[in-house]
Each structure stands twice: as structure tokens, then as C-alpha cells.
Amino acid sequence: MAFSPQKKSFAIKDPTISMTTTPSFYETPSPPELVGIKAWLLTHDHKRLGLMYLWAILFWFVIGLTIGLLIRVELMTIGRTIMSAAVYNSAFTLHGVIMIFLFVIPVIPAIFGNFFLPIQLGTDDVFFPRLNLLSWYLYMFGGLLAILSLFTAGGFPDTGWTFYVPFSIGTKHNVPLTVFAAFILGMSSMLTGLNFITTVHRKRSPAMGWMQIPLFTWSLYATAWVQLLATPVISITLLLVIIERFFNIGLFDPDKGGDPILYQHLFWMYSHPAVYVMILPGMGVISEIIPTFSRKAIFGYRAIVFSSMGIAIAGSLVWAHHMFVSGMSDTAVFVFSLLTFLVAIPSAIKVFSWVSTLYKASIEMTPPLLYALVFIYLFSVGGLTGLVLGAAGPDIHVHDTHFVVAHFHFTMFGGTGFAFFAALHYWWPKMFGVMYDFRRAYIAATLATVGFMFHYVPMFILGLKGMPRRSYDFLPQFSQGNGLAAVGGILLFSGIILMLINLMLSFRKNRIIAAANPWGGCTLEWTIPSPPPLHNFTKEPHIKEYPYDFSDIPDSPQKT
Amino acid sequence: MESQHDHTGIRIGMWLFLYTEIILFGGLFVLYAVYFHNYPREFSAGGKELNRLIGSFNTIILLVSSCTVAASITAIRQASKKLCLLLLAASFLCGAIFLVNKYFEWGHKIAHDIYPNSPTLTGGPHGKNIFFGLYYVITGLHGLHVIIGMTLLGLSFLFVFNDKITARSFALLENSGLYWHLVDLIWIFVFPLFYLIL
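So the sequences go chain by chain: A and H. For what it's worth, the numbering used here labels the leading residue of the first sequence as 1, then goes sequentially. For what it's worth, the numbering used here labels the leading residue of the second sequence as 561, then goes sequentially.
Among the hints, a few may not be true.
To be verified - For each label pair, taking beta carbons as the anchor points, the in silico distance ranges come out as:
| id | chain 1 | residue 1 | chain 2 | residue 2 | range |
| --- | --- | --- | --- | --- | --- |
| 1 | A | Ile-82 | H | Leu-715 | 46 to 56 Å |
| 2 | A | Phe-151 | H | Leu-623 | 47 to 57 Å |
| 3 | A | Gly-466 | H | Arg-571 | 50 to 60 Å |
| 4 | A | Ser-326 | H | Ala-671 | 55 to 65 Å |
| 5 | H | Asn-722 | A | Pro-554 | 14 to 24 Å |
| 6 | A | Phe-151 | H | Ala-630 | 47 to 57 Å |
As the list claims (entries may be wrong) - No more than 27 Å apart at the CA atoms, straight line, and that leaves these computed lysine-lysine pairs for BS3-like:
| id | chain 1 | residue 1 | chain 2 | residue 2 |
| --- | --- | --- | --- | --- |
| 7 | H | Lys-642 | H | Lys-724 |
| 8 | H | Lys-662 | A | Lys-256 |
| 9 | H | Lys-608 | H | Lys-642 |
| 10 | A | Lys-544 | A | Lys-203 |
| 11 | H | Lys-669 | A | Lys-256 |
| 12 | H | Lys-608 | H | Lys-669 |
| 13 | A | Lys-256 | H | Lys-688 |
| 14 | H | Lys-608 | H | Lys-688 |
| 15 | H | Lys-669 | H | Lys-642 |
| 16 | H | Lys-662 | H | Lys-688 |
| 17 | H | Lys-688 | A | Lys-203 |
| 18 | H | Lys-608 | A | Lys-256 |
| 19 | A | Lys-203 | A | Lys-539 |
| 20 | A | Lys-360 | A | Lys-296 |
| 21 | A | Lys-256 | A | Lys-172 |
These are computed hints drawn from the structure, not numbers from a lab. Don't be surprised by glycine CBs; every beta carbon is placed ideally from N, CA and C.
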């Protein structure tokens, strides 16, 4: 048993928090009469639901990750490497559908939002606990339908996750079932958003004013509005695809008077705001982690709050920048390009606030902080390359190339993905009451980051040189970049698997029990035992005047 | 753990949900707006082919049913269970009459070879195909919402009957009523868009 001294100190129990004998939520089912597996499957407890989401989403994440790796291995060499062109088309569609609808959209709100939003608000549960359970079942049902569509009626679609008409109407693959799965998953995400908004308004501790809400919860609140605003648009769009498949009305078919561009408008009216559904909660996680390990109040609390809402509003008005080459008036291109540049401002405000929080701070390095720092870097690269795509001129050059793929993965994987890893490491001790090994966590983070750079940076260059995305084969001048990307992909994959293994190892027999407040955090979840009791708070929570006031938090055990 | 005493909260949740329903139809109205701009003449001609009499009748039926639903909520608040049941049954009946009318309307059109992908529509002018395509999609989706609304009304009826909905707790009835108003409201927009185009 060779624990590093540093790690041991994080496990020391914080004497300021009375460790009463209150049983944790693992020992107290809700409703109380449920036992065994039913205590999970029929639970109303937001914490149990958060954990049920965690395992389901991790399952899909590993599947999506593996398919992504296989795609890159296929592209390692010219010609066929491991799969046929038809399988390749289904593989990148499957990768996209799983990662978008089953992983990135729900990951942070459904897992950490469910678990921590009520706690950060100083309350005992979300407003509609039963609706919350229904959302989980809708999520599972949607996932099940996606699996079913793999093996029925023509196999998984080969359309790409965007389901663009007319191909999605014409292809023999099983589009309707997959699209219906996405429809169900959209409902699940919408209901979660509805639940969060109502919870923030009605169940917030009476002592907590709007400017006393922690930033993670603020970001979830902004996200929830986007979910409600935008998701119904994708619902109707996907329904229309199904209707077209069955009735052939021709609403998007030029031969029958329809307009395929309209489909793209409807699709992106949802799917662009959806990328803010994906990134905003990640930004919220970073806004919690940076001040905690800087031992310093966050810089620009209000600016971060308003930029979250700003992103939610401005992000809903930029959808047509995905369609600069689809056919649009120059005026429209100009307006959407301008709005796209404007939406970069609130994101930049956040990045500046995080960096300013680190400035002259008493920084304490931990795995969650390392992931958060990597997030800031990768997300900045992703955001800045987004401006290249948002500018109408360069976009025509790099449209539909690997440049887009790299940009998207820098923001969604380097952004939301790494924020998810940061959140896992930050809240793991609170959710499970156990601490993981730091050394392996650092190694995994480094491996994943280095792999990430080797994986996606070559794609920027390939894209600038003109290699199209979603293409099965490539010209000889692209082989060096694709070879590098494959090696990077393998490193990235191993880093993430190592990270997951390390987290799982924290459950083994000689586990390290985590303290109630191992990091010296100051939001409400750190004032209660790890893991939390059923009703979260054993006594009335003390709401701080300012949520990031570290003055009464003892120095972290490490420095004493 | 229970939030059931907070009626305002429950109402907020319901209003948010209704909002998502409006956006759902909003997507279809966007399609309508664009195609109306592209094919104004065909849309106008298509509108004249629809039976305005049945359309107006259905509008009146839905307005009456909205009124009876609202009255049923007032009735339960004043603890007159019988009146509430009667009003709910009347609303349910209105919904059923609406659907029967719709059935005859659709049947009539289908008999004239006007249905999705029918030879008349695919061979005819593009605007006509789009007009009737949208007509079937929008009124079909609206009809589905009428059925959902009737299910909710039926459920409320049962709960009032079993005294699960009382003068003190009537959130389900109130929310079913709100949903029914939404169904009515959407029809108020659908009706002029299809039946009353100049």
C-alpha cells in the first residue's frame, strides 16, 4: 500500500464537518418501501438517478469512443484497412449519433446536474422527482431503439448524424427507427430541462438570491432554457423525416415542390443551439473547479452568469452559419456571420475570467484542476478555429473538410469531454465517498491530452489542404497526416481507458475513504457528508452572501 | 420530497411544457410560411377546396369545449362534483365530435384522390401538393393532440369521480384544462391558415 503522502492528506477527515451517523442515500431508498434493484429502478431520489445516468452514459461513451477509434484506424492507410466503405458510412453515423444524442447532450446535466443541482440550491430534490425518473426511462428507451435499429430493416443509417434530405429519405438503411430514437432522447433532455428550470425557481433555498447561486447551477439553468427553446424544433424535424419516409409527401423533395434547404434550416435551428446545450454545463463545471483550487473567489461572477445567458440567447440566432455553401442570400450570410462572431464574445469572457481567477492565486494542483486547465486550452483552440469557420470567406474553403471535424472535436471533446472528466474527478469523492489514485489520474490525463493533440491537430492541416470529411479513402498526399492522427487516436483512447480503470479501482477493497470536503470547496455540496444523506441536508443549509467566499473554509489539509 | 403542495411550481412546469408544444407546431408554421411565400396562388386555390362550413363548425365546437373545461375547473373549486363531471363529459364529447368531423373531411378528400403521394397531387401543380401535404401533416398532428387531450380529460373525469381530484387538490384537472386550451389555441391558428386564405 504505497499511497503518495499528498493523496493521503486529501483523505483526512475535515474536523469542521461533523460526521454524524446519518446514513447515506445508498442506505436509504426513496420511496422507503423499495428494496434491492427496485430501490434503483423506481427511485425518486435525484442522486440515485444521477448515478443511473452515469453508468448508462459511460456505457455509450465507451461504445462511441471505440467506434471513433475504429474509424481512425480505418483511415490510417489508403484503401481498405479494417472495414468496407459501407460499414464505414454506418460507423461514422453511429459514432455521431451515439456521441451527440446519447453522450454529449445528456452527460453533464443528466449526471452531475441531477446529482448536484438540488444540493447546490440547498434543497432535497428536483421539483418533479417522478418526471425525473420518466426522463431516465426515456433515455434508456431511446438507447434501446438505437441498438435495435442496428440489426433491423437495412441496418444502421449511413446518412451521418445530420440525416440530411434527400439522402435520408432515399437510403435503404433503417432511418426511421434511428430518427425516432433521437426523438425520444430529445424528449428526455427536454423534460430534464423543464425540471431544472422549475427547480431553480421554486425549490431554491429561500435564503438564496439569484446572485448567490453557484455558477454550475447557473450554467444548467441557461442550458435548460436552450433545451426547452430548441429541442421541439428537432422533434418536429425528425418527425417530418419519418412522415416523409412513410407517406412520401415531398415536403423536402424538389420534384414535388419541396425545398431541401428548409430541412437544413429546421435541423440547425435546433442543432446549433444544441452545441451550447453541450458546452454550457461544461463551462459551469470549470467555473466551479478553477476557484476551488485557486483558493480564491472567482473573477467576474456576474460576468460569467450573464455570459451564460448571453450564449443561450445569441447561440439561438446563428444556426445558418452551417449553411453558407447550401444556398442563401449574401445578406443572410453576412448577418449570420456577424452574429457568429458576436457569440464568441461571451465565451471569451468566461475564458478571461478563469484565467484571471488563476492569476496570483494559491494554486493547488489536483487531477480535476489538470483536466480543467486542459479544457481551457483545448476549448480556446476550438473556439478560435470556430471563427475561421464562422467567417464567410474562409468557410467556403474549409467547408466539409477535416478542418470542421477537428474544430468540432476540439470544442465538444476537448471542451465538454474534458469538462466531463474534470467533473468526474472533482465530484467522484462526493458521489461515492471514495478517493482515486492521483498518480494514475495524472498519467491518464497527460496521455489523453498528448494523444488528443496528435489526433486532431493533423486534421486541421488535412482540412486546410482539402481532405473532405466523411470520406472513406484519401489521396497519397494526406497519408502522413492520417497516419499521425491514427497514432494520436490510439494514445487518446488508452489515456481515457486508463482514466476509467483508475476510477473503477477506487472501489476495490482497500479503498481510500474520502473526506466530506476533500478539496476545500465552498459550495453547498461540500458542507454535507460524502456520500450525501437521503435528504441532502441534515440541518438547514447556511447560504453564503457570496457563493465563492473562501474566508471561512480552512486551508486544505495539504498545507497544514 | 413532495412538491405537490406548490401549485405555482406545478403550473410553471405545465406552462413550460405547453411552450415546447407551441414550438413543435412552430416548426410546421415555418414550413407553411415559406411555402405560402413560394406558392401563394396554389395555396389560395387549395384553401377554397376545403369545406369552410365544417371548418367553422369545428372551430365553434372547440371554443365551446374550452369554455366547458374552464367551467369544470371553477365547478370543482366550488366543490360541485356533479356539475364538474357533466362539464368534463361535455368537453370530451366536443372533442369526439371534432374528430368525427375531421374523419369525414379527410375521407371526402381521400375519395377525391387527394392524399399524400396520390397521383392527382404528385401529377398536379407543386404548390397544391405542398398545400395538401402540409394540411395532412398539421391537421393530423393536431388531431393527435386532440386525442391526447381527450385522454387527459377522460383521466380527469375518472379522478373526479373517484374523489382523487377535489376542491383542494385539482392540479391534474387544471393542467389537463390548460392542455386542452392549447389544443384549441393551435386550431385557432390552423383554421384561418388553411380554410380562410384569400
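Consistency of the hints with the structure:
1. A:Ile-82 to H:Leu-715: 46 to 56 Å: 54 Å, holds
2. A:Phe-151 to H:Leu-623: 47 to 57 Å: 49 Å, holds
3. A:Gly-466 to H:Arg-571: 50 to 60 Å: 56 Å, holds
4. A:Ser-326 to H:Ala-671: 55 to 65 Å: With Cβ atoms ~40 Å apart, the hint is violated.
5. H:Asn-722 to A:Pro-554: 14 to 24 Å: At 57 Å between Cβs, range violated.
6. A:Phe-151 to H:Ala-630: 47 to 57 Å: At 50 Å between Cβs, range holds.
7. H:Lys-642 to H:Lys-724: Roughly 14 Å between the alpha carbons, so the hint for Lys-642 of chain H and Lys-724 of chain H holds.
8. H:Lys-662 to A:Lys-256: Cα-Cα ~26 Å, so holds.
9. H:Lys-608 to H:Lys-642: 44 Å, violated
10. A:Lys-544 to A:Lys-203: It holds: about 17 Å lies between the C-alpha atoms, which stays within 27 Å.
11. H:Lys-669 to A:Lys-256: 19 Å, holds
12. H:Lys-608 to H:Lys-669: Satisfied, since the Cα-Cα distance of roughly 13 Å is no more than 27 Å.
13. A:Lys-256 to H:Lys-688: Between Lys-256 of chain A and Lys-688 of chain H the Cα gap is close to 10 Å, so the pair holds against 27 Å.
14. H:Lys-608 to H:Lys-688: 12 Å, holds
15. H:Lys-669 to H:Lys-642: 41 Å, violated
16. H:Lys-662 to H:Lys-688: 20 Å, holds
17. H:Lys-688 to A:Lys-203: 52 Å, violated
18. H:Lys-608 to A:Lys-256: Holds, at about 21 Å.
19. A:Lys-203 to A:Lys-539: Holds: Lys-203 of chain A and Lys-539 of chain A sit about 16 Å apart, inside 27 Å.
20. A:Lys-360 to A:Lys-296: 9 Å, holds
21. A:Lys-256 to A:Lys-172: Holds: Lys-256 of chain A and Lys-172 of chain A sit about 20 Å apart, inside 27 Å.
Hints 4, 5, 9, 15 and 17 from the list above are not met by this structure, while the remaining hints are.
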